[in-house]
Structures are given as C-alpha cells and as structure tokens.
Amino acid sequence: MAVAANPIEQFEIHNYFPVFKIAGHQISFTDSAVFMVLAVVLTAALMLGATSGRRLVPTRMQSVAEILYEFIADMIRSTTGEHGLKFFPLVFSVFMFVLISNLVGLIPYSFSVTSQVIVTASLALLVFFTVIIHGFVHHGLHFLKLFVPSGVPILILPMIAVIELLSFLARPVSHSLRLFANILAGHITLNLVGSFAAMMIAAFGVVGWLGATLPVAFAVALFALELLVALLQAYVFAILTCIYLNDSLHPGH
Amino acid sequence: MSDDTSGQGDPGRRPSDEADLSARLQRLGDRLGQVRASQPAEPTPDAGAPSDRSGMARGLRLSSELVAGVVVGGAVGYALDYWLGIRPWGIIVFVLLGFAAGIVNLMRSAGILAKPEDRAH
Numbered sequence: 001m002a003v004a005a006n007p008i009e010q011f012e013i014h015n016y017f018p019v020f021k022i023a024g025h026q027i028s029f030t031d032s033a034v035f036m037v038l039a040v041v042l043t044a045a046l047m048l049g050a051t052s053g054r055r056l057v058p059t060r061m062q063s064v065a066e067i068l069y070e071f072i073a074d075m076i077r078s079t080t081g082e083h084g085l086k087f088f089p090l091v092f093s094v095f096m097f098v099l100i101s102n103l104v105g106l107i108p109y110s111f112s113v114t115s116q117v118i119v120t121a122s123l124a125l126l127v128f129f130t131v132i133i134h135g136f137v138h139h140g141l142h143f144l145k146l147f148v149p150s151g152v153p154i155l156i157l158p159m160i161a162v163i164e165l166l167s168f169l170a171r172p173v174s175h176s177l178r179l180f181a182n183i184l185a186g187h188i189t190l191n192l193v194g195s196f197a198a199m200m201i202a203a204f205g206v207v208g209w210l211g212a213t214l215p216v217a218f219a220v221a222l223f224a225l226e227l228l229v230a231l232l233q234a235y236v237f238a239i240l241t242c243i244y245l246n247d248s249l250h251p252g253h
Numbered sequence: 001m002s003d004d005t006s007g008q009g010d011p012g013r014r015p016s017d018e019a020d021l022s023a024r025l026q027r028l029g030d031r032l033g034q035v036r037a038s039q040p041a042e043p044t045p046d047a048g049a050p051s052d053r054s055g056m057a058r059g060l061r062l063s064s065e066l067v068a069g070v071v072v073g074g075a076v077g078y079a080l081d082y083w084l085g086i087r088p089w090g091i092i093v094f095v096l097l098g099f100a101a102g103i104v105n106l107m108r109s110a111g112i113l114a115k116p117e118d119r120a121h
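Chains as they are written, first to last, in this note's numbering: chain A, 1 to 253; chain B, 1 to 121.
It should be emphasised that the hints constitute simulated quantities derived from the structure, not laboratory data.
Among the hints, a few may not be true.
Heads up, simulated SDA-like pairs for lysine to any residue below, C-alpha to C-alpha not over 25 Å straight-line [said to hold, decoys possible]:
#, chain 1, residue 1, chain 2, residue 2
1, A, Lys86, B, Leu25
2, A, Lys145, B, Met107
3, A, Lys145, B, Val104
4, A, Lys86, B, Gln26
5, A, Lys145, B, Arg108
6, A, Lys145, B, Gln26
7, A, Lys86, A, Gly135
8, A, Lys21, A, Ala121
All chains should be built: construct the whole structure from the sequences, respecting the hints.
Set out below in structure tokens:
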C-alpha cells in the first residue's frame, strides 16, 4: 500500500476510452465524466422513481422529492418573487447536480466532480450567460441600468459604472471558486489526516496502531464537517444562482 | 398556498368522481387566479435578508467575494495593458477598481449595502 500518498493524486483525471476528436484534441471518457453521468443518473432515478407512484399521501421517497421541490421553490420565491419560478428547472438541476456530486464524492475511492474548477466554472458561466441573455432579451438596453445606479452624481458616475461592471464580472469567479475551493480543500485535508494514520502504522507497528486512533478520530470528525460543507455548498451555489437571476428579472426599476 | 391547490380530496375517491373533482379544481384555480390578480404586485425581495437561511452559509459566501473582485480587476487591467500598450497603468487602475468592486460585492452579500434596485427608489 502506498503509504505517503500524494494528497493531490485523488484529483487526477484518467482517460478510460477515447470518444471523438475536436480540432486535434482527443476527447475521452474520463473518471470525471463517469461521476458526472452517475450524478445525473442518480438524480433522475431519485426524482423519477419517487414521483412515479404519485400518491396523495406520499411514500418516503416521494416526500424526499417533494421536500427537495418545495425547498428550491421556496428559495426561488423568496429571492426573486413568484415569476422567478420560470427558472425553476435551471436552479433545481444545478442544485441537484452539485448536491449529488458532492455527496457521491464523499464516498471513499470515488471522484469528486465539483473539485474540478472547470466543472464549477462551467456551471457558474451557464448561470452568468443565462442572466445576461435573459436580461437583454426581456429588458433590452434597460438591463444596462444594472451598472448605472440612479441618483449618483454625474462626476463619479463613470467610476461607479466601471466598479459595478467589475463586480458583475467577478460574480462567476467567486461563484465557481467558492464551491471548487471548499470541496478541494476538504478532500485534501481528509486525505492528509487519513494518511497520517497509515504512516503511523507503517512506521511504529503496534504502537502505531494506538497512535493512529487519534488521526482516525479526527478524520471521522472531519468527515462529518465535510458532509455539512457538501450540503451547504450546494445550497449556497443554488441561492447565489437565484440572486444573480434576480438581477436579470429586475435590473433596476 | 400550495396546500390549496394540491387537492384535499379523499384518497379513496372512486374514478367516477374524477370529472367532478377536476371541475372543482378548475373552479378553485380560477378563484385563486382572481385573488392573486387582485393583489398588488409582489414586493421585490429586500436587501440581503432573503439569503440568510443560515449564518454559516452566509459566512462561506463572503469568503471569496473580495478575492474574486481583485482577481477580475487584475485580469481586466492586464488585458487592457496588453491590447492598448498602456503598461503598467491598466493593471494599477483596475486592481484598485477591482478591489473596490470586491468590497462592494462583499458588503452587498453581507446585506450592509443595498442592492442597486433597492437604491433606485
């Protein structure tokens, strides 16, 4: 067993089989792709399986699905108002994908899709461009009022507009970095603490078994924290999606 | 309000009552529509408050706002330097502006600073 495991190794992507080529780049089916597909399949199985019966008095699985639905619907209503519900499919899909990916990634020897910055950045950019496109389609140039707050003296208006524009551009960055960094840091910490235990056993034998209980206990506590982080980050990602979508629904009055 | 529309009929209702039930649901839906239409337009969400379901979620949200602002400001400044050949002025000005934008974002997500749409009126 490799004792002093590299804590970053778990994030390496392995190609399974090539699929097709785009502009000279080999696109392969990777372990990242496997777990993305798994997240989608699990979400679909949960939602379709739970709602297939459609009883008036819900079964357990059906109430799980209903709670998830109500949770996201309430979140959208409270941040964007009733007509924000047209974005329900987007917010719900993003939330479920992040949630299931985070949870699946916590299973030992699995792969955490959300620890790849490209995945979280893609999700954040999807939201970002949805906001821009929806804003321009429904509000036209009025959408640009987002960057020009009313009641600002004309002298400092250009500077304020640039700051607002930069703060708008910073959104997808912070949106994606937050999720990615939390998951990445959590997995590295878990891996490090876990390898302490393995190292102690390898180095000190029987005494090491005693010494290893400490890092193992710590790893268990950390795992509980990571579970919280996994749920919380999915929630944060979804609520930020709602807040950003709110700007495209009401870009200034 | 979803309780009103989710149907309060008995689980053991026979299929022959389905038409009756759907007619009643239709009437109920119409009435709800009238009531909703007569109500004033729903208020826009108040600043910052709706997002705070848990304090920790809020804390985690704040952590990267500032960094993102500075990073984006630096990137924009560097790009302007590169395209316009105004090195080093673009990066100097835009890192500072990015810092300001990061602070704005941070204060906005903390709910200290009002969102632009609330400031308008």
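Results of checking the hints against the structure:
1. Under the criterion of a C-alpha separation no larger than 25 Å, the hint pairing Lys86 (chain A) with Leu25 (chain B) is consistent with the structure, at around 23 Å.
2. Proximity of Lys145 (chain A) to Met107 (chain B) is assessed by CA-CA distance (about 20 Å); at most 25 Å being required, the pair is judged to hold.
3. Restraint check: the Cα-Cα separation between Lys145 (chain A) and Val104 (chain B) comes to about 17 Å, which is no more than 25 Å; the hinted pair holds.
4. The straight-line distance between the Cα atoms of Lys86 (chain A) and Gln26 (chain B) is roughly 22 Å, inside the 25 Å bound, and the hint therefore holds.
5. Annotation: proposed proximity of Lys145 (chain A) to Arg108 (chain B) holds, straight-line Cα distance about 17 Å (limit 25 Å).
6. In summary, the hint linking Lys145 (chain A) to Gln26 (chain B) is not supported, as the alpha carbons are separated by about 41 Å, beyond the 25 Å threshold.
7. Pair hint Lys86 (chain A) plus Gly135 (chain A) holds up; C-alpha atoms about 14 Å apart against a cutoff of 25 Å.
8. For the proposed pair Lys21 (chain A) and Ala121 (chain A), the alpha carbon gap of about 23 Å is at most 25 Å, so the pair holds.
Hint 6 alone, counting from the list given before, is not met by this structure.
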